[in-house]
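Trainee: What follows is the residue order along each chain.
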Amino acid sequence: MRALLCVLLLLVAPLVRAVDYPPVLPGRTIELPADSGAHPDFRTEWWYVTGWIKDETGAERGFQITFFRVRSGIGEDAPGRFSPAQLILAHAAVADAKHGRLLHAQRSARASGALAGAARDRTHAWVGNWRLEEADGSYVAEANGQDFAYRLELTPTQPAMLNGDKGFSQKAPDPANASYYYSRPQLAVRGTLSIDGREHAVSGKAWLDQEWSSEYMPAGASGWDWIGVNLDDGGALMAFRMHDRTGDALWSAGTLRDAMGRDRALDREAVSFTPLRRWRSPRTNVEYVVAWRVRAGDRELELRPLMDDQELDSRRSTGAIYWEGAVRVFEGGREVGRGYLEMTGYAQRLEM
Amino acid sequence: MRRALAPVFLGSLGARRLTTLLSILAIALGIALGVAVQVIHDAALDEFDHGMRTLSGEADLQIVGPRGGFDDALFETVALRPEVAAASPLLEVDARLFGDERSLRLIGVDVFRLGEVQPALMPQPGEGQGRLVTLTPDSVFLSPGAMQALGLALGGTLTLQAGLEPLALKVAGGVPGMAGQQVAVMDIDAVQRHFGLRGRLSRIDLRLREGLGLAAGREALAPLMPAGVQLLAPETARAQAAGLSRSYRVNLTMLAVIALVTGGFLVFSTQALSVVRRRTEFAFLRAIGLARGELMRWLLAEGAIVGVVGGLAGVALGYGLAAAALKLLGGDLGAGYFAGISPRLAFEPAVAAVFLVLGVLAGMAGAWLPAREAAEVSPALALKAGGDATGLAGARRHPGWAVGAAALAAVACLAPAWQGIPVGGYVAVALLLAAGVFVLPQLAANLSALLAPLRAVPIALARARLAAVPGHVVVAGAGVLASAALAVAMAIMVASFRDSVDDWLARILPAELYVRGARAGSSGYFDAAAQARIAGTPGVARADFIRHDTVRLSADHPPVMLIARSLSPDGRELPLVGRQVKTSSPVWISEAVADLFGYAPGDTLRLPLAGSPHDFVVAGVWRDYARQSGAIMIPIERYRALSGDPLANDAALHLADGETASAVAARLRERFGAQTLELAQAGEIRAVSLRIFDRTFAVTYLLEAVAVVIGLFGVAASFAALAAARRREFGMLRHIGLTRRQVGLMLATEGALTAGAGALGGLAVGGAISLVLIEVVNRQSFHWSMDIRIPFASLAIFCLTLVLLAALAAVLAGRQAMRQEAVMAVKEDW
Amino acid sequence: MLELSQLTRRFGGPGGRTVLDRVDLRLEAGEYVAIVGESGVGKSTLLNLVAGLDRPDGGTVKLSGTDLSTLDDDGLTRWRRDRLGFVFQAFHVLPHLTLAQNVALPLWLQGQQDASSMRAASEMLAAVGLAGREAGWPRELSGGELQRVAIARALVHKPRLVLADEPTGNLDPHRAGQVLALLRERVRAAGAIGILVTHSHEAAATADRVLRLTGDALVPVTNTQ
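Residue numbers (numbering that gives the first Met the number 0), protein chains in the order written: chain A, 0 to 351; chain B, 0 to 829; chain C, 0 to 224.
Be aware that one or more of the hints could be misleading.
[Stated by the list, open to error] The following residues of chain B were derived to be distant from chain A, with all beta-carbon distances above 10 Å:
1. L316
2. L508
3. G657
[Unchecked claim] To spell it out: a stretch of chain B is covered by chain A in this simulated footprint if at least three of its residues, at any positions, have a beta carbon under 8 Å from a beta carbon of chain A; those stretches are:
4. 181-188
5. 358-369
6. 556-567
Hints are computed from structural coordinates only; laboratory data are not their basis.
None of these values were measured; they are calculated from a predicted model.
The beta carbon of each residue, even a glycine, is placed where N, CA and C say it ideally should be.
Between the sequences and the hints, there should be enough to build the whole structure, so can you do that?
Mentor: Here's what the structure looks like:
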């Protein structure tokens with residue numbers, strides 16, 4: 000879904016030279032809960048939830064919900080009710096092995112009153128009746144589409160994890176390409192999921208990212224690969240790499256939380272992604288690496304997908320094609336955790 | 000029926016080729032006009048309806064307000080309702096091209112909300128343009144039709160007038176879903192921003208939650224609507240738009256039907272006379288065994304054949320006319336109902352069939368009386384009497400019936416309109432025509448009595464014949480009466496209408512010079528600064544500003560025009576009609592508002608202004624020929640106080656003494672730039688309006704001419720037929736010593752008396768019909784009154800010409816018979 | 000057999016003029032009679048009554064046992080169509096039909112609309128001396144020829160009774176003689192009853208019997224010539 004945003008950024012870019020977006024600078028520390036609200040001056044921001052849930056029959060599914068805020072730079076002077084200055088885009092998906100592909104839905108609107116928006120004071124983003132809202136220390140995520148609907152309560156079991164340098168997350172050799180970025184791993188999930196005409200009580204574990212920036216993608220990058228993993232021992236791993244057109248890494252980084260809850264920032268050398276197995280989409284003919292070996296500091300993990308086809312083809316709406324899905328994580332042949340993998344920039348060249 | 004008998008009867012049609020042809024022609028003309036009117040309007044309505052349907056997309060309900068729009072806060076309230084699955088806000092502007100008379104329908108949309116409700120309006124960015132270019136305020140997207148009409152391509156610049164300023168927009172893409180329409184699409188925020196419409200919406204289209212009925216959805220949402228804002232099903236909005244032109248269409252169709260009826264009269268004339276001529280033939284056929292019913296059926300079949308052939312020719316001719324008229328006059332026959340669409344003609348079997356049936360009915364109706372008469376004749380008597388044209392049974396004098404028909408007509412006039420169509424009025428017209436026919440013999444007798452002092456033998460003979468055979472008067476005169484009545488009625492109505500419009504224009508345009516920003520809901524307007532500059536232009540003694548908007552008084556009616564202008568407390572500037580009431584919060588309603596909504600002076604009228612209701616008192620009713628759905632006048636000071644809307648659309652400028660309109664106009668152009676203002680002198684507006692009026696009535700003149708020609712056909716045909724039948728009579732007259740000239744004089748007298756009776760009857764009936772047209776048909780169709788004016792001189796000339804032409808036709812028709820050798824004619828059967 | 004008994008006809012309502020007063024007549028098949036009388040004595044009235052074109056004020060007309068007073072207008076029409084043939088003084092040959100069509104008309108009225116009707120018309124035209132003129136038009140014929148066509152038409156459907164009302168009134172004496180001879184020959188050939196109404200003694204002389212109508216009786220006339 001970050002890929003969707005990428006396309007949007009690309010589109011907005013030539014139009015918005017007139018607006019000055021604040022730069023993302025090192026040395027600013029993310030303060031929570033103050034920073035959990037929106038930062039509307041920055042060009043883009045997202046709240047991004049992924050996780051695994053199990054229903055009363057034991058069936059396991061992946062889910063994802065994302066709210067994007069985009070400052071378009073259009074119509075900021077004398078704004079009216081329909082001003083497109085701030086846009087809210089939301090995307091939700093369910094990965095169900097029984098369906099063999101992703102079920103997904105999306106909503107987008109101009110930020111305007113109760114119709115759509117992102118609050119400044121706390122995590123609260125909404126479009127129509129979709130929302131991600133924090134209250135009394137836990138979050139509620141609500142979304143619905145043609146094929147599914149869910150309402151999930153996400154309760155933190157650990158403190159937030161500030162990525163990079165106390166939240167300053169560099170994306171490229173040039174520190175100008177950076178974001179403010181924190182994660183909330185190990186969220187306990189409880190709620191209901193309606194799918195295939197039935198309502199299920201579900202529970203599981205999830206991951207929340209909040210990230211805001213003005214210049215995200217480095218020049219020469221074509222896309223990125225990202226993982227967020229909740230380890231069974233209570234630890235967590237976030238790792239990403241920027242790649243060029245050929246798929247070679249331009250930059251990589253990560254954060255590893257151990258079972259004791261100690262966080263360690265992983266630099267470029269400490270993170271590497273090695274392809275293990277590829278899958279070609281019959282729809283788009285794009286090839287993805289659906290099984291990876293990821294080295295993160297002293298850990299060496301193997302990612303295997305819930306199912307191969309977790310590709311999202313939104314050429315007809317936004318034009319983006321990417322792979323985003325639930326993965327199982329193995330270490331030494333033993334399952335050690337669950338998480339989400341995102342791969343972008345394989346279908347088309349994303350130029351900045 | 001024995002088909003083998005066909006040659007006996009249909010052969011007779013062939014034998015009197017000329018009269019048969021004339022009958023066919025008359026019916027064909029009536030049918031052609033009817034088909035043309037119908038087909039043209041169907042084509043226009045189809046295209047119009049298609050456009051409306053494309054625009055409303057998949058909406059279940061539409062929220063519509065006045066043309067000036069409604070508060071956009073309503074959108075949030077509505078969009079978040081659980082009954083609503085999807086909502087899409089629209090803001091429509093009639094955008095004037097800068098420095099150009101033309102305007103373009105500009106629709107502000109929210110691209111994030113279009114997809115589920117009106118996918119057809121989705122703008123498509125051109126090659127190399129990002130998707131979010133649809134949000135930028137200087138981008139516009141044009142439908143293929145608009146691109147073509149404006150001669151613009153992707154990347155071109157469209158310059159519109161916003162307020163009084165030019166607004167340059169880049170053509171950033173197309174609106175492929177709106178093929179066939181001329182529209183421009185922009186971001187809704189940009190439209191609000193550029194055209195001074197911040198905070199306004201003109202429409203919200205809704206899709207209801209699946210499974211929720213329309214009625215339930217409407218019931219849940221209706222309480223949320225502010226005053227003056229309505230929830231409509233898209234069909235209602237379409238029907239209201241189409242309903243506007245319906246009255247006009249029905250009126251034209253009825254005129255065509257009257258032409259058809261005249262054609263029926265002609266069939267009657269020729270059939271009646273042909274039956275007279277063939278009396279002995281029928282008597283003989285009856286004698287050798289043709290049953291009465293069969294004779295009647297065959298004679299009706301003769302009429303039906305004339306009807307079928309005339310009908311087929313008429314349908315073909317009608318499509319030809321329609322194609323020509325669409326090219327020359329446009330889809331509304333010049334009346335201005337459908338602008339900006341280009342209708343295509345399509346063959347409609349149903350319409351063709353209906354008119355074909357009408358043609359057959361006209362033919363059969365015309366043949367009915369003669370057929371019945373022929374069937375009732377005693378064969379023994381007819382065989383003995385030989386072939387003289389005595390005693391037309393259907394032609395006894397019926398003054399009582401005439402009075403009865405006239406009385407029924409008066410009653411029919413009292414009936415209210417049915418679905419906006421003045422059915423009662425049309426019934427009255429038909430009854431009046433019938434009354435005229437019934438009274439014809441009496442009229443002829445009275446006319447004939449006037450000639451009593453003239454002792455010349457031919458005139459005495461003519462009088463004697465009319466007295467002996469009053470049926471002949473009906474046969475020959477009915478067509479004249481019908482066509483004269485139609486022509487007279489239309490002449491009086493059009494003269495009254497034109498005079499009244501002329502007077503009205505004088506009243507409604509008191510100032511010398513008019514300045515127009517643009518129409519209501521449109522992109523041009525005068526803000527306070529512009530108003531001050533206009534008023535301060537040297538030479539302007541006083542500037543009255545006018546603001547146009549619409550209000551919706553009920554969901555069942557189209558919006559009503561609201562006109563705010565400076566008005567005296569007694570409204571003396573307006574063309575008031577009827578009672579007036581003194582009040583401190585006056586509005587003046589047009590006749591249409593009084594008719595459609597039932598308001599009368601003294602009533603309280605609740606007017607929604609800026610979303611809240613305000614009570615006013617109806618101070619009076621004024622005459623308005625411009626707005627068929629109604630208009631309300633309100634003092635502009637009060638309008639501004641209540642609505643907070645300081646803008647104006649038009650200005651009426653009273654000039655200082657000694658100033659000329661053209662000098663002041665030049666100064667205004669200098670101040671504002673030549674391209675921004677539309678300036679017109681009162682005289683010009685008046686001339687243009689009357690020109691439009693005349694163009695609108697061009698079609699009716701055509702119908703009148705056709706009717707008169709048909710009427711004269713009737714006289715000529717009936718005299719030709721009679722003359723042939725009376726050859727023995729002429730022979731005998733010549734035998735006993737009348738000169739050829741005297742026989743001619745006799746025939747001319749007969750023709751003049753007949754046509755005179757028809758013309759007199761036509762004058763009387765036409766006068767009565769014109770009253771019905773003015774007081775019932777126009778009032779109920781268009782809701783306007785007019786002062787009756789009778790164009791005496793032209794009517795007198797028209798009637799005299801008709802009588803002279805009829806006399807000439809009679810003489811020409813008789814000449815053939817007179818040429819026959821007198822002796823031979825007698826010998827043949829005496 | 001044609002049988003008139005006590006046939007009475009008055010005109011002008013009660014107290015009006017009695018034209019026929021209790022007239023009796025009996026004719027067998029194959030008889031060909033002439034009825035003569037002064038103008039206005041009621042010859043045409045008698046003919047109209049016999050043809051069912053007029054209703055008597057008293058008495059009956061029976062043809063082959065059918066009493067005409069029992070038939071309504073349509074019944075009479077059908078009866079005439081099947082049983083009667085007419086020859087008129089004024090010919091009444093329809094100008095817009097061909098000669099064959101004119102002759103075939105009675106057959107058409109009986110519903111015989113096929114080629115056989117035209118064949119029969121052809122034969123009849125030949126029988127009256129107009130062979131090969133089927134496609135000709137009435138306007139091309141002389142008065143005598145028109146009456147021949149009329150005779151052909153009167154007999155084409157083999158009627159039981161042929162009524163001829165002054166059939167030679169419009170013809171010169173030479174032509175009249177030919178037409179009368181033809182009429183008698185054809186009626187006989189058809190075996191029908193023939194009634195010739197005329198005020199001409201020459202014409203009457205062609206009949207088997209001559210009856211004089213006097214108002215209250217049909218008196219046999221001995222041929223004094």
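Trainee: Verify this label for me: B:L508 is non-interface relative to chain A, using a Cβ-Cβ cutoff of 10 Å.
Mentor: 38 Å, holds
Trainee: Hey, is B:L316 genuinely clear of chain A, shortest beta carbon separation above 10 Å?
Mentor: 52 Å, holds
Trainee: With d taken as the least Cβ-Cβ distance between B:G657 and chain A, does d exceed 10 Å?
Mentor: The assertion about B:G657 holds, with a minimum of 46 Å to chain A.
Trainee: Tell me whether the statement that chain A covers the segment 181-188 of chain B is true, taking a Cβ distance below 8 Å and needing three residues at minimum.
Mentor: n = 3 at 8 Å, threshold three: holds.
Trainee: Are there three or more residues in the segment 358-369 of chain B whose C-beta lies within less than 8 Å of some C-beta in chain A?
Mentor: With 0 residues close enough to chain A, the hint is violated.
Trainee: Examine the segment 556-567 of chain B: at least three residues should have C-beta closer than 8 Å to a C-beta of chain A.
Mentor: violated (count 0)
Of the numbered hints given earlier, the model fails hints 5 and 6; all others are met.
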